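Undergrad: Generate the whole structure from the sequences, applying the supplied hints.
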Amino acid sequence: MSGRRTTFSEVMAGTLRLAGEERPRPMRLELDVDLPGVLRPWGDTEGALTGRVVVPGWADDEAASGRLRVAPLAARRIRYTMDFTAADGRRLHLDGWKTVAPRRPVRSMTSLPVTVTDEDGTVLGEARLRFDLRRDLAAFLASFRLPARPDDPMRSRWRGRPGRLEVWYTTLTDPATGTGVWLHHELVAPDTGEARAHGWAAVFPPGGSPVFARFGPHGWSRPEDAVFTAGPVVQTAGRLTGTAGTIGWDLRESGGGRPLHTFPRWAWERELLPAAQIVPKPTAVYDGVVRFGDRTLTLRGAPGGSARIYGHGNARRWAWLHADLGGGDVCEIVAAVSTRPGLDRLPPLPLVRLRVDGTDLPSGDPLLAALRLRAGIGLPTWTVQGRLGDRWLRVEVTQRPEETVAVDYADPDGAPAVCHNSERADVRIFLARRAGRSWETEREWHLAGTGHAEVGLR
Amino acid sequence: MSAMSGTISLLLGIEDAGELARVTAGAEAIARTLPGPARLGLAAGTGTLDALSRLTTGRPLERLDARGRDALCARLASHAATSRIVETVKIPLLLAAGTELLPGPPEPDAPARPDAALDCTPSREWPACSTADTVVIGSGAGGAMAARTLARRGMSVIVLEEGRRFTAAEFRERPPLDRFLDLYRDGGATVALGRPPLLLPEGRAVGGSTVVNSGTCYRTPDRVLRRWASLGVPVEDFGAHLDEVEATLRVARQPVEPLGRNGLLALAGAERLGWQAAPLRRNAPGCRGSSQCAVGCPHNAKYGVHLNALPQACEAGARIVTHARAERILVERGIATGVRARRPDGSCFEIITPRVVIAAGATQTPLLLRRSGLGGHPELGRGMAVHPATNVAGRFAEPVESWSGVMQSVGIEELHGDGILIEATATPPGMTSFPLPGIGRRLRGELDGARRLAVLGAMIADAPSGRVHGSRHRALLRYDLTREGAGRLRRAMVAMGRILFAAGAEEVLTGLARSPVVRDEDELTRAAAAASRADLHLAGFHPTGTAKLGAGDTAPVDPSGRLRGVRGVHVADASVLPTCPEVNPQLTIMAMALRIAGGIA
Chain A
1 MSGRRTTFSE
11 VMAGTLRLAG
21 EERPRPMRLE
31 LDVDLPGVLR
41 PWGDTEGALT
51 GRVVVPGWAD
61 DEAASGRLRV
71 APLAARRIRY
81 TMDFTAADGR
91 RLHLDGWKTV
101 APRRPVRSMT
111 SLPVTVTDED
121 GTVLGEARLR
131 FDLRRDLAAF
141 LASFRLPARP
151 DDPMRSRWRG
161 RPGRLEVWYT
171 TLTDPATGTG
181 VWLHHELVAP
191 DTGEARAHGW
201 AAVFPPGGSP
211 VFARFGPHGW
221 SRPEDAVFTA
231 GPVVQTAGRL
241 TGTAGTIGWD
251 LRESGGGRPL
261 HTFPRWAWER
271 ELLPAAQIVP
281 KPTAVYDGVV
291 RFGDRTLTLR
301 GAPGGSARIY
311 GHGNARRWAW
321 LHADLGGGDV
331 CEIVAAVSTR
341 PGLDRLPPLP
351 LVRLRVDGTD
361 LPSGDPLLAA
371 LRLRAGIGLP
381 TWTVQGRLGD
391 RWLRVEVTQR
401 PEETVAVDYA
411 DPDGAPAVCH
421 NSERADVRIF
431 LARRAGRSWE
441 TEREWHLAGT
451 GHAEVGLR
Chain B
1001 MSAMSGTISL
1011 LLGIEDAGEL
1021 ARVTAGAEAI
1031 ARTLPGPARL
1041 GLAAGTGTLD
1051 ALSRLTTGRP
1061 LERLDARGRD
1071 ALCARLASHA
1081 ATSRIVETVK
1091 IPLLLAAGTE
1101 LLPGPPEPDA
1111 PARPDAALDC
1121 TPSREWPACS
1131 TADTVVIGSG
1141 AGGAMAARTL
1151 ARRGMSVIVL
1161 EEGRRFTAAE
1171 FRERPPLDRF
1181 LDLYRDGGAT
1191 VALGRPPLLL
1201 PEGRAVGGST
1211 VVNSGTCYRT
1221 PDRVLRRWAS
1231 LGVPVEDFGA
1241 HLDEVEATLR
1251 VARQPVEPLG
1261 RNGLLALAGA
1271 ERLGWQAAPL
1281 RRNAPGCRGS
1291 SQCAVGCPHN
1301 AKYGVHLNAL
1311 PQACEAGARI
1321 VTHARAERIL
1331 VERGIATGVR
1341 ARRPDGSCFE
1351 IITPRVVIAA
1361 GATQTPLLLR
1371 RSGLGGHPEL
1381 GRGMAVHPAT
1391 NVAGRFAEPV
1401 ESWSGVMQSV
1411 GIEELHGDGI
1421 LIEATATPPG
1431 MTSFPLPGIG
1441 RRLRGELDGA
1451 RRLAVLGAMI
1461 ADAPSGRVHG
1471 SRHRALLRYD
1481 LTREGAGRLR
1491 RAMVAMGRIL
1501 FAAGAEEVLT
1511 GLARSPVVRD
1521 EDELTRAAAA
1531 ASRADLHLAG
1541 FHPTGTAKLG
1551 AGDTAPVDPS
1561 GRLRGVRGVH
1571 VADASVLPTC
1581 PEVNPQLTIM
1591 AMALRIAGGI
1601 A
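If you read the sequences in order, they're chains A and B. Residue 117 in the working numbering sits at position 117 of the first sequence, with consecutive numbering throughout. Take the position in the second sequence, starting the count at 1, then add 1000; the result is the number in the working numbering.
Hints were generated in silico from the structure; no laboratory data involved. The model shown is predicted, which means the values in this text are computed figures rather than measured ones. No residue lacks a Cβ here, since even glycine has one placed at the ideal position from N, Cα and C. Please note: incorrect hints may appear among the correct ones.
Stated by the list, open to error - Covered by chain B, per the in silico footprint, the following chain A stretches (three or more residues, Cβ under 8 angstroms):
1) 110-120
2) 425-438
As the list claims (entries may be wrong) - One side only, chain A facing chain B, incomplete, derived with CB under 8 angstroms:
3) Ala-74
4) Ala-75
5) Val-123
6) Glu-126
TA: See below:
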């Protein structure tokens, strides 16, 4: 299927003859159609139908919805089914279709007989609607759009080019025990050689040493019905399963909220930066089982998130934070120094997304906002502070060495990197607002051992 | 006066102006209901006779006096070609004359059974777009059973019927000929072409041909079932299905009281010959012997499917759309998705459904499939069996009044093993289907003496030699009587003659043009032997086998009733019978439909 949809608006008007009534009533359908793919006359496609059903004095529902099947040649039929509410509150159903007659194409494609039934299927009336070519054709044609299909942010972006790195990683904290779980799925397409899928899993029990294990590498084939597969490790839209060494997991992922664009949206969609990160599911909830060593962790409603990275490789130095602030609020930070010559001499660029009460800060482009922020990358503590629009932000992340694992990475060009990961990070976030000549703390969060963070060094 | 009234005056010997006007009006009413070619044929026949009159006498028919008409009659009868034209034109005219010249039905008393509650909606009130779990095309014997079975299973079922609903009140109030013209497709003038041509009347009403059949109910003979089993048709549970159908139709042996003299004479004749004969088993509990089965029972005593299976289907939620002619089955990528039907005003409506059960009858089912682009199987429409039938009449000294009693009353199964089934079958009052001999004054005399005639009919098990041509709306039927079939018919005529003579008939009317009247068995045997195939006057009543069911790919329908080559289409009518059923097929068709519908997922 193409990456585009077809949308258009259509108006049809005519009369509705209700059972038991002598005089027909006027009726009008104002429809917005959203079809998957580019509409082709010889195709057979079905999509969503929304709009307004108006029968003066009997029904006027602006929130009618249903389905439209468009198969004018394949089945000689364009079928409209909709549910709407009558003025008296009854839920009603509308079903009708244009039967395309090759000998009378215009007449048959502009006439729509419709049967209106109630919830029991009893026929309440029959409408004869027409699409008025003279009045509505221009508006109908002008309404056609072929917008890009909203991309599934979890779907692999790799299209076979060498020198690419793609990462799916899920981090979560068990609210009952405070144990953190980190699942890292990685696709590396080296500059030379076959693409390989591998990754690692880590469990961070509070007060204990993290348990870490790798899986793969396995050959990569674009999975049809999954996000990522590598041997026993599978990630689908709502499920994560797999084993790595002594760690095994079977998790259901639900919820997630709106995707959080830590990098500018254009950077993710157009791939104009060396790499970009996105959090498709910043506030997801996990249920299931994680086994590590001889212990079993049963998760019920564990908060966490699933994020993605796609690009040419890891940064020269970087720090990352995912802090679930509760109530749907979340703070996501990527502070990185590019590996590109020249850029590698610049200080780390902190890209910050703070979602508070459903509003994402900064409100503008995160890359521009990053210019007013400063990051100090180090271990065990790293910080980001600066202006966030008209606010002032300070984030302080402490990764205790005993609750941090160091993981070796290899970029597509073979360059090594070491990443220090912890799901037991302490996080302090201050958000202040100007009050007169000074700053006044607006919100403050302290996370004790539930922050998910990493620091990458060369 | 017109060529029509002139012809009636000539052929039927009618001189009274009032009588002539009434018969002419009746004949014109018949002509209006005939299909185009038959109407044209009738006009050509009357026109030819008028032209012959002008050529031979210098006057048009209507200006001939009595002597002139007699002379012309003699001339017409003396030539084989003109005689054949006369015999053809005579049939509809006799039908029209019957209403005027024969005694009509007695004044009916109160109906024995009220009309059944049916959920019928005329197609003009049916919406253009609707959906259903199953659409059954045809409400006859097969369609009713399929609709009942599926509706009782909880499916939403819509039954499409080309005809309309008739009520017993209508049957009581209207004359038989009017009803006849209304109840049958093409006014009852459906003809299968061949030598000889064969009349093939088909009912067209809610209830299909079960509204107009004789009510005779034979179970499928075991030898027929064995034959079907050998063709790969599962028949193990057919007996149980027949039992259920018999219970639905309340089949019972016809009591002797309302039998009428026609049936009693047949019983007497058979008894004197020592032949096996008995009143028939019928689905007519409470039959009063009004002899009107073929034009709709005025008492609702004949228990057609419009009085049992269809109301039971409606009770389970099925709906019947009348005046709806199935135009085509809608198919997408080899799967049935709906049905398009046409209203009498030419507009169409569609029903979206995943299941279609075709029960349009043996002559219409192949046409519908071809219209739908599903008629690709080479055997579709071929191999039609029709039970060719003929009849003879015996003239008795005393009145018989065959139209008073049970229409089809007695079965004589002496020769059934040889494929000949004799049934005492009269004609509804006010109608005549027997080809009375002669023309002019002689024919008029025969009409006046019709009350002394007893009529027997015989149908034979035939070879599947018929074929349904056409792919649009009118079936072109072809049926060629085989040599063996003609032999059986001749044998049947002789056997019927023997029964009539044994019952005391003075003479037997054969319906054969060359020797229309015989006075003893020898003469009858000689007359029958001398009759060529083309001379036999035939009718067929049970077209079957045009979409045969069978195990191999040579049959268009698989043993479960599913049409091969498409998903979601089943056939459940007389078309699927693998061979000629050799008996009146109502029970067989219904039991088969029951079996097929039971297997629909």
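Undergrad: With chain B as the partner, please determine if Ala-75(A) meets the hint condition of a C-beta pair closer than 8 angstroms.
TA: Hint holds; Ala-75(A) Cβ to chain B Cβ min 5 angstroms, cut 8 angstroms.
Undergrad: With a Cβ-Cβ cutoff of 8 angstroms, does the region 110-120 of chain A contain at least three residues near chain B?
TA: holds (count 3)
Undergrad: Against chain B, run the beta carbon of Ala-74(A) and see if the smallest gap drops under 8 angstroms.
TA: holds (7 angstroms)
Undergrad: Hint check: is the beta carbon of Glu-126(A) less than 8 angstroms from a beta carbon of chain B?
TA: holds (4 angstroms)
Undergrad: Do at least three Cβ atoms from the region 425-438 of chain A come closer than 8 angstroms to Cβ atoms of chain B?
TA: Contact hint for the region 425-438 of chain A vs chain B: violated, 0 residues under 8 angstroms.
Undergrad: Can we keep the Val-123(A) interface hint, with Cβ of chain B closer than 8 angstroms?
TA: With a minimum Cβ separation of about 6 angstroms from chain B (threshold 8 angstroms), the hint on Val-123(A) holds.
Going through the hint list in order, the structure does not satisfy hint 2, though it satisfies all others.
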